[in-house]
Every structure is written in structure tokens, then in C-alpha cells.
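Novice: Sequence:
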Amino acid sequence: MDNYNLTRFLDAQNQVYLKALSEIKNGQKESHWMWFIFPQLKSLGRSETSKFYGINDIDEAAAYLAHPILGLHMVQIATAFLEIDGKTAQEILGSPDDLKLRSSMTLFANVPDAPPVFEKVIEKYFNGFQDELTLQVFLKNKFHDDLI
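1 is the number of the first residue of the sequence shown in full-length UniProt numbering; add one for each residue after it.
Fair warning: there could be bad hints in the mix.
As the list claims (entries may be wrong) - SDA-like, lysine to any residue: derived pairs with alpha carbons at most 25 Å apart:
1. Lys42 with Lys87
2. Lys87 with Glu48
3. Lys51 with Asn141
4. Lys51 with Ile84
5. Lys19 with Asp59
6. Lys120 with Glu48
7. Lys124 with Thr49
8. Lys42 with Asp57
9. Lys42 with Gln76
10. Lys25 with Ile92
11. Lys29 with Asn141
12. Lys51 with Pro68
13. Lys120 with Ala62
14. Lys124 with Ala114
15. Lys29 with Gln90
16. Lys140 with Asp11
17. Lys120 with Asp11
18. Lys51 with Lys87
19. Lys42 with Glu83
20. Lys42 with Asn26
21. Lys51 with Ala63
22. Lys25 with Asn56
23. Lys124 with Asn141
24. Lys120 with Ser47
25. Lys140 with Lys29
26. Lys29 with Glu48
27. Lys29 with Thr88
28. Lys124 with Glu48
29. Lys29 with Ser50
No lab work stands behind these hints, which were simulated from the structure alone.
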């Protein structure tokens with residue numbers, strides 16, 4: 001059962017994942033796929049598309065990573081970032097997609113037992129600093145859960 005509607009990501013990635021992976025391996029994003037390849041927290045999104053592909057919480061992020069296709073895709077494309085030399089995230093993705101990458105990597109790096117690749121991307125492209133807005137949402141949610 002798909003409690004998180006992860007099929008929305010599968011449907012979107014089905015047509016463009018290999019193209020997105022190729023673009024990253026070539027060091028230059030050229031098309032539009034950021035929302036469903038590197039999802040971020042829904043509460044950080046502004047557009048309808050970013051909200052549609054937004055992840056609600058750490059549990060949904062964990063389900064995404066545990067999915068046999070989505071988790072594999074996320075690790076593969078994050079690893080492709082680590083293989084790029086001499087470019088910043090902004091040079092590869094443009095802005096604001098570089099900020100979305102940081103947010104997405106922060107989200108998935110904080111999933112319990114997450115592969116180390118997400119933290120490595122943060123280290124390489126963002127000097128080891130996770131996205132503050134994503135962390136603030138985590139703290140707010142934890143505080144709320146502790147009160148209940």
C-alpha cells in the first residue's frame with residue numbers, strides 16, 4: 001500500500017530520470033525535473049508543482065528512500081554529483097535549484113540510517129552546512145510531537 005502516494009514520483013521520473021542523470025553526469029542541468037528528482041519538504045515549496053511533489057515529513061522521506069526504485073534513483077543521482085569536479089552546485093543546476101538540492105540533501109541525510117552520500121553532497125557543495133529552513137521544520141515538528 002502506498003500511504004504517501006509515492007507513485008507520483010514514479011510517474012514523473014519514468015519519462016525523465018535517465019535524462020536527468022545524464023545531465024548531472026555531464027555537469028549541467030538542462031531540463032525541468034528538480035521537483036520530483038530532488039524533492040524537498042512540502043512546507044518549503046511555493047509553486048503548486050513543488051507542493052505536489054513535496055515531502056510531508058521525515059517518515060515520508062524514509063519511505064521514499066526505502067522504495068526500491070526511488071531510493072536507488074536518489075542514491076545514483078546524488079552519487080553522480082560527487083563525481084563532478086570543479087563546479088559549484090549553482091554552476092551545475094542554476095539558481096534556485098542549487099538551494100533546492102541543499103534542502104533535499106538535508107532532508108534525506110536526516111532519515112535514520114540514510115546512505116552517507118547525501119551528507120557527502122552537503123559537504124562537497126555546501127561546506128558541510130545543512131539547509132537551515134529544513135532543519136527548522138524538523139525542530140518545529142519535533143517540538144510539536146513532544147507536546148502531544
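Novice: Now tell me if each hint is right for this structure.
Specialist: Outcome of the hint check:
1. Lys42 with Lys87: Violated: Lys42 and Lys87 sit about 28 Å apart, past 25 Å.
2. Lys87 with Glu48: Distance of about 30 Å is beyond 25 Å: violated.
3. Lys51 with Asn141: holds, 18 Å
4. Lys51 with Ile84: violated, 29 Å
5. Lys19 with Asp59: With Cα atoms ~28 Å apart, Lys19 and Asp59 exceed 25 Å; violated.
6. Lys120 with Glu48: violated, 30 Å
7. Lys124 with Thr49: violated, 28 Å
8. Lys42 with Asp57: holds, 8 Å
9. Lys42 with Gln76: Holds, because 23 Å separates the two Cα atoms, which is no more than 25 Å.
10. Lys25 with Ile92: The hint holds at about 10 Å.
11. Lys29 with Asn141: Violated - the C-alpha atoms of Asn141 and Lys29 are around 33 Å apart, more than 25 Å.
12. Lys51 with Pro68: holds, 23 Å
13. Lys120 with Ala62: Roughly 18 Å separates the two Cα atoms, so the pair holds.
14. Lys124 with Ala114: holds, 17 Å
15. Lys29 with Gln90: holds, 10 Å
16. Lys140 with Asp11: Outside the cut-off at roughly 31 Å; violated.
17. Lys120 with Asp11: violated, 28 Å
18. Lys51 with Lys87: Not OK: Lys51 and Lys87 at ~29 Å, beyond 25 Å, violated.
19. Lys42 with Glu83: Answer violated: Lys42 to Glu83 is near 29 Å, above 25 Å.
20. Lys42 with Asn26: Cα-Cα ~29 Å, so violated.
21. Lys51 with Ala63: holds, 18 Å
22. Lys25 with Asn56: violated, 29 Å
23. Lys124 with Asn141: Roughly 28 Å between the alpha carbons, so the hint for Lys124 and Asn141 is violated.
24. Lys120 with Ser47: Given that 25 Å is the threshold and the Cα spacing comes to 28 Å, the pair is violated.
25. Lys140 with Lys29: Violated - the C-alpha atoms of Lys29 and Lys140 are around 33 Å apart, more than 25 Å.
26. Lys29 with Glu48: The hint holds at about 22 Å.
27. Lys29 with Thr88: Measuring from Cα to Cα gives roughly 12 Å; hence the hint holds.
28. Lys124 with Glu48: Cα-Cα ~30 Å, so violated.
29. Lys29 with Ser50: At roughly 18 Å apart (the allowed maximum being 25 Å), Ser50 and Lys29 satisfy the hint.
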